[in-house]
Every structure is written in structure tokens, then in C-alpha cells.
Amino acid sequence: MTKRTLLTLAAGVLAAGSWMPVAQAQDSLYMPSMTYRTGPFAGGGTPFADGYADYFNMLNERDGGINGVRIEVEECETAYNAQKGVECYEATKDKGALAYSPLSTGITLALVPKAPIDEIPIFSMGYGLSAAAAGDQFPWTFVYPASYWSQLSSIIKYIDDNGGVKGQKIGFIYLDAAYGKEPIPLLDQLAESMGFEVAKFPVGVKEMQNQSSQWLNVRKERPDWMIMWGWGAMNPTAIKEAAKIRFPLDRFIGNWWAGSNNDLNAVGEAGKGYLAANFSGIGQDFPALQDVLTHVVRAGKSKVASEDDVGNVLYNRGLFNAVILAEGVRVAQEMSGKKIITGADMRDGLENIDLNEERLTELGLPGFTGAVKGSCADHEGNGAIFIQQWNGSDWEKISDLIAPMSDVVRPMLEEAAEAYVSDKPDWQSQTCN
Amino acid sequence: MFYREAGQFKTSYAADQALLPIRQDRIGLGLILFVAFVAIPLLASDFLIGSIMIPFLVFALASVGLNILTGYAGQLSLGTGAFMGVGAYSCYKLTTYFPDINILFMVLLSGVFSAAVGVVFGLPSLRIKGLYLAITTLAAQFFLEWCFIRIGWLYNYNDSGAIEVPQRKLFDIAITGASASPTVRYLVIVVLVSIMTLLAANILRGRIGRSWMMIRDMDIAAELMGVRPLYAKLSAFAFSSYYCGVAGALMVFFWIGSAEAEAFDINHSLLVLFMVIIGGMGSLLGCFLGAAFIWVLPIIIRAVPPMLGLDVIAATTEHVSNIIIGVLIIFFLIVEPHGLARLWQIGKEKLRTWPFPYSSN
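For the record, the sequence lines run as chains A and B.
Using the working numbering, read the first sequence as starting at 1 and increasing by one per residue.
Using the working numbering, read the second sequence as starting at 1 and increasing by one per residue.
Each hint should be verified, as a subset may be incorrect.
Claimed, not checked - Here are the simulated DMTMM-like pairs of lysine to aspartate or glutamate, each with C-alpha atoms no more than 20 Å apart in a straight line:
(1) A:K373 to A:E396
(2) A:K303 to B:D265
(3) A:K181 to B:D46
(4) A:K169 to A:D188
(5) A:K240 to A:E207
(6) A:K95 to B:D311
(7) A:K424 to B:D265
(8) A:K301 to A:D118
(9) A:K93 to B:D46
(10) A:K424 to A:E74
(11) A:K93 to A:E74
(12) A:K424 to A:D118
(13) A:K301 to B:D311
(14) A:K240 to A:E197
(15) A:K424 to B:D172
(16) B:K169 to A:D423
(17) B:K93 to A:D423
(18) B:K169 to A:D63
(19) A:K95 to B:D46
It should be emphasised that the hints constitute simulated quantities derived from the structure, not laboratory data.
Note that the structure is predicted; figures quoted are calculated from it, not measured.
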């Protein structure tokens, strides 16, 4: 036993020594980046992580950081796994982390209650807990630019504008997990108030790549439109199956996690016409992206495999994640009057961002996305999205921005937020006027 | 020389049959307990406690559970993750129904539900063995996971579909929820795991444990000698699932803080099975060694490049760590198929005769 004891002691001392929080001399802004470049979803995680890192590196190279303070991006690999995500969080939070973008619903749910305690905001961009859009109940969590529920209402609006939704039958194919089931209460409510019928087709996590039975049911039910809440390998499989049963693809709309280049490259020409929601611009034709190319990618400081990867859907979404965080830092610096800000300053900054068209143009991203304006009560900005279409080799934006049906969604979000908070007596909320 | 029991005389049967008859072992265990109960809570950083020690103990407890079933009773199981899930979900249901009852009681009670489910899925073990039984426990894994996703009642119809841990207190100190400090959560876990491991050690060397091992070694012989396979096998499933259930409840309530059904998927079952195989089947020490090997070693490997000042991206370290762990698993299984615990046992034998070994091996 003594040998084991010695080993344990040695390991303990070693571990304790190396992980004692080191009080760092702060001369930079520390931005942890939770990535999933490994594991089953690496195909989607890699471009996102690249876009995120490249934008901050571009700011460092071009402007010397934000207001002269360099941003230090450190990646921590989660493999989309909640346990590893929490480990990443614990390992990096003491280094002065300003905000976390957990990039997985499981990790987000685990971190949301920790945010007020550690005073580090969580920015789950268009994923995680929809209810977090209610800023009065969730002061430390942000879901800019839209929650899942807002997104669904915009998609229904798109259908309504393109032939009307009343009397139609809408098929909803979804990943049978918390993520896929989340929009169902809203879908049912909208079906009732707008007079359409809903047919639901759950796809189990283990049958993502084998959906023939679901699509057989689709053929039986004959829906007029299909909406998909999919992720990973589920997306290309569904589109291939839809093409096989000759379902009109221009009436098949994926949500923003079911519309990336990775999903459709696997389908190629057969997926022509397929629609998807999105909130971040497509392509490289933005001055900011050109700057990324010049200062980072061509300088060999990026991890992208080729220049063509810059500008694809998930790359731009990762970049947009960084844009919002950078804007939050700027606002926080202005509000606090400090160059080196804390997590609490960052929270105030994120809450008060105002990314209007003018500001987007200044940032080199004209028309990249809808205006995002936060407030104490509103932590999802405005929630406008657009619809894009696959032309066989790339995505094309085919609609204007579609605002969500806030009158329906907002009360539901608030109700959900209250339900979340109700069984937590010590929950920290804030009062907004 | 140092590790030799010469001169330690036993004067009673009780002393001779003690759990640790050799003085050096008692001192060693005392030191380990001292480190676990005093040194770590006082000295270690939050990261070491929260992200290394807590998961390590949770997995060690789950491995003890699986080892009872697979290592001692010889029934192969692939449903560990699901049984942990039953513990976690029932603890969540219990504590939301009865918020005023102490959470520790609920954690211990939730294991009972897990045990009951384990017994039901253990019934096929009376007719089938080995790999075939593994397949039926795989059915448990898939069926229970399906329940965690589909039955909204289990997660109180949350919009998020996940169970979220409410804050619970013990003597006015928060022990669960986000505001509970890692040290407090660690102390709760280390106390529970120590007591339950001690309990397991005593069950295993008693009548029940012996009947499990007889079933494992040769079930027909065991039956002829009066061991009733029905009771032996089902009690093994019950005890094993109880431990797994408690480990699952601890995992959600004292470690992660929330869990989706995915947290209890087949990968989780395999992870615990690997811990048991690497650590050593039929050894309690092996459970702890295996858990340390599978959970702690990757963290140490990931910490190496930054310590050396190398700028390697996180994903590369992750790949490298996977490769190293994989290679080490193969290496250890070739060198010692009976796991790390057996290596330690061989080490002990060598230590006894050192420096004058009297045999050639």
C-alpha cells in the first residue's frame, strides 16, 4: 500500500501544483473557446471554431485588439460532451474568462446556473435554453440573435408568405432529443391559432442515418411543407430521403443547424432547392471577411484547410459569434471606462449591444445579419432570420429578413423562464423597467 | 524488506480475518484516507477537486457497482450507463416531490429504484450467460435511454428535456446546485464512496459475496453445493445496480449539475466497463485504479503541452491523448490481462521478498 500512497501523493502534489489558479498579470482579454474539433460532430465544430478564432486574430493583427488590448483566444476541446465541457469551464474560468459560448445544449444547461455565481456571462448564440431570452430572469445568459422558438415562428411566417399556411399540413421531422422537441409546444400553439395541421416525425439519435421508416410515413401523410430540426448526420440523410420520395425540396426547410455546407456537400446536386434558416451572412463578400483573409488566412495564422472554407455557413456563424462578443467587449469598455474588463463588465456590455445596420457597415459586415439590439429584458436581440437555398453547390440567400412573431413567442418565453426559475429559491434575477 | 508481516502476531480469529490483516496496509490506507479527507480539501485547487477528484470518485463507485456484477458474479453487463440514469432520474423525481427531505437520503434511496430495475433486467441471466446476457443488458441500455427521452414525467416536462439540480442544503450549507462549493461536494462524495466501498468489501468476503464468486467460477458446482442461482444472480444485479444508481445520482447532483438522456448513453456504459477491465475484474482496488487510469490520465496528458510551454491546439492534444490512452490500454492488457490491480498484487509479492528473492520469478 505504501507504494500506492506515494504515487497518490506524488500525483496529488503534481496536480495541485500545476492547477493552482495562477494570478495572471492581465494585459489582454481572455476569451476561452469551447471547440469540438473531435468526436461525432467534428464536421460542424471545426469551421465554427475556425471562424471564431480567425475573427479575434484578425482584430489582433489589424487593430492590435479591441481598443488597443489584445484578445487571447484559448481553445478547449469538449468533443460536444457535457462532462468534458464542464471540465473545460472549471479549468479556464479562473484565468479571467470574459464569456463562454458552450456550443452544446448539454454544456449550456450545465453552465447556465454557474454563470451568476462565477460572474461570467454565457453566450449561447441561437441554441441552448430558449427561455434565457427573458433577460429579467436570466441576467447572465444571452441567446442573440434569436431563440429556437423565434426561429420557428419566422419559418412559419415564411411559409405563410409563400402560399399561405392556413389549411396546410406541415410535417415536422426532428431529432428525438431535448433539442429537437423544444419547439413542439410553439408549433402546436401556432397550428391552432393559424389553422394548419402538424404531422410529427421523430428521428432517434441512433437512427439518424437510417430514416426510411420516417420518410415512408411522410409519404403516407403527404404534408405540404416539411420543417426539420436536425443535426449532424441526420441532415444529409433526411434530404437524400426526401429527394428519393420526390418531396419538393423547395418546400423543405431546415433550421439553422440543418443548413450548413457540410450537410449539403454530402448531398450535392440531389439537394438542389432545399431551404434552410440562417442568421449569419453567406460568402466572403464582406470587407471584414476580406480582412480575415488578408491578415489571418493568407498569413498562415488560421487553421482552415483552404481559403474556400472561409465564408461557408458555419465558419461565418463562428465568426458572427466572435463579432457579438467583440462588440460586447467594446460596449463594456465604454461603459466601465476600463480597458481590461471583468466578466461582470462583459455582462453589462453584452446586454447593451446595439448592432444596427450602420454599426455592421462600420465593422465591415453590411447586410450580414439583421440588427441585434439587446436590453435588460431582451436577451435575444430581435430574432430576425433569413431563408437560404441550396443551388447544388452552394447556398444562396433568397429571402429578406423575417422577424419572429414576438406577440406569440414572447409570452411563451417568459412563461418558460418563470417555470425554470420557480423551483430555484436562490435564483438570481434582475428587475427591468 | 519494508513490506513484510514478520513479527505481526495474530491472537484472535477476528484479527486474523480483518479486512487488512497486515500493518503496512493499514498504515497505507490510513495515509490515503488522510490525503482524501484532509489534505485534498485543504490544499487542492478547485479544478483538482471539481474536475478530477469528484469525477474520479463517481466513476470509481460506478466501477465498484459493475465489478460486483461482472468481476465477482461473472455476469457481463452493458447497461451500467442506463442504471446510473435510473438513479439520477429517480433522485431528481424524489427530491422535486419531497424537497424538504435531505438530499443525501434521497441519493441513497434512489439506488433502490435502480436496484429494482436492475433485478428486472437481470432475470434473463437465469437462462443465458456471457455474451448473450450482454445483449439483453444492452436492451436495458436502449430501452431505459428511450424512457429518459420519451417519458416527460421523468424530467417534470421541462422545456429543456433535461434534469436540472435544485439547490439543497445540509446543516444550512449548500451541498448541491451551482452555489455549492467544490470542496463541500467533494466531501459529501468522498464520505459516501468510502462508506459504500467498505460495505462492498465486507459484503464480498461474506456469505453473499462468496456465493457470487461460486456462481462465477462454476455455476453448476455452486448449485450442487447449495447456492441458489436465482438469489445469487439477482442479488448481484440488485447490489450492482444499487451502486450504479447511487453513482449516477452523485454524478448529476454533485458533479455536472444537469443531465440530458445522452449523459447515460452506451458510451458511458462502455467507459465504466473499460475502467473495470483495465483496473482488474474482481478487485475493489482495481475499480479505483481503472477509474484513475481512464478519467485522470487524459487530463494529465492534456496538461503536459502547456506545462512545457508548447503551443499545441486543444484538438491535437485530444487526439494525442486518445492515441496514448488506447496504446496504454493495449499495452497493459498484453503485459497483464488481469488489470492494474493484478500488477499491484505482483508488486506486493516482489516487495515482500525484496531484496532477497528466493524464487526465480
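Going through the hints against the structure:
| no. | hint | in the structure |
| --- | --- | --- |
| 1 | A:K373 to A:E396 | violated (26 Å) |
| 2 | A:K303 to B:D265 | violated (32 Å) |
| 3 | A:K181 to B:D46 | violated (36 Å) |
| 4 | A:K169 to A:D188 | holds (12 Å) |
| 5 | A:K240 to A:E207 | holds (15 Å) |
| 6 | A:K95 to B:D311 | holds (17 Å) |
| 7 | A:K424 to B:D265 | violated (28 Å) |
| 8 | A:K301 to A:D118 | violated (32 Å) |
| 9 | A:K93 to B:D46 | holds (11 Å) |
| 10 | A:K424 to A:E74 | violated (33 Å) |
| 11 | A:K93 to A:E74 | holds (12 Å) |
| 12 | A:K424 to A:D118 | holds (17 Å) |
| 13 | A:K301 to B:D311 | holds (13 Å) |
| 14 | A:K240 to A:E197 | violated (25 Å) |
| 15 | A:K424 to B:D172 | holds (16 Å) |
| 16 | B:K169 to A:D423 | holds (14 Å) |
| 17 | B:K93 to A:D423 | holds (13 Å) |
| 18 | B:K169 to A:D63 | violated (50 Å) |
| 19 | A:K95 to B:D46 | holds (13 Å) |
The structure fails hints 1, 2, 3, 7, 8, 10, 14, 18 (numbered hints given earlier, in ascending order).
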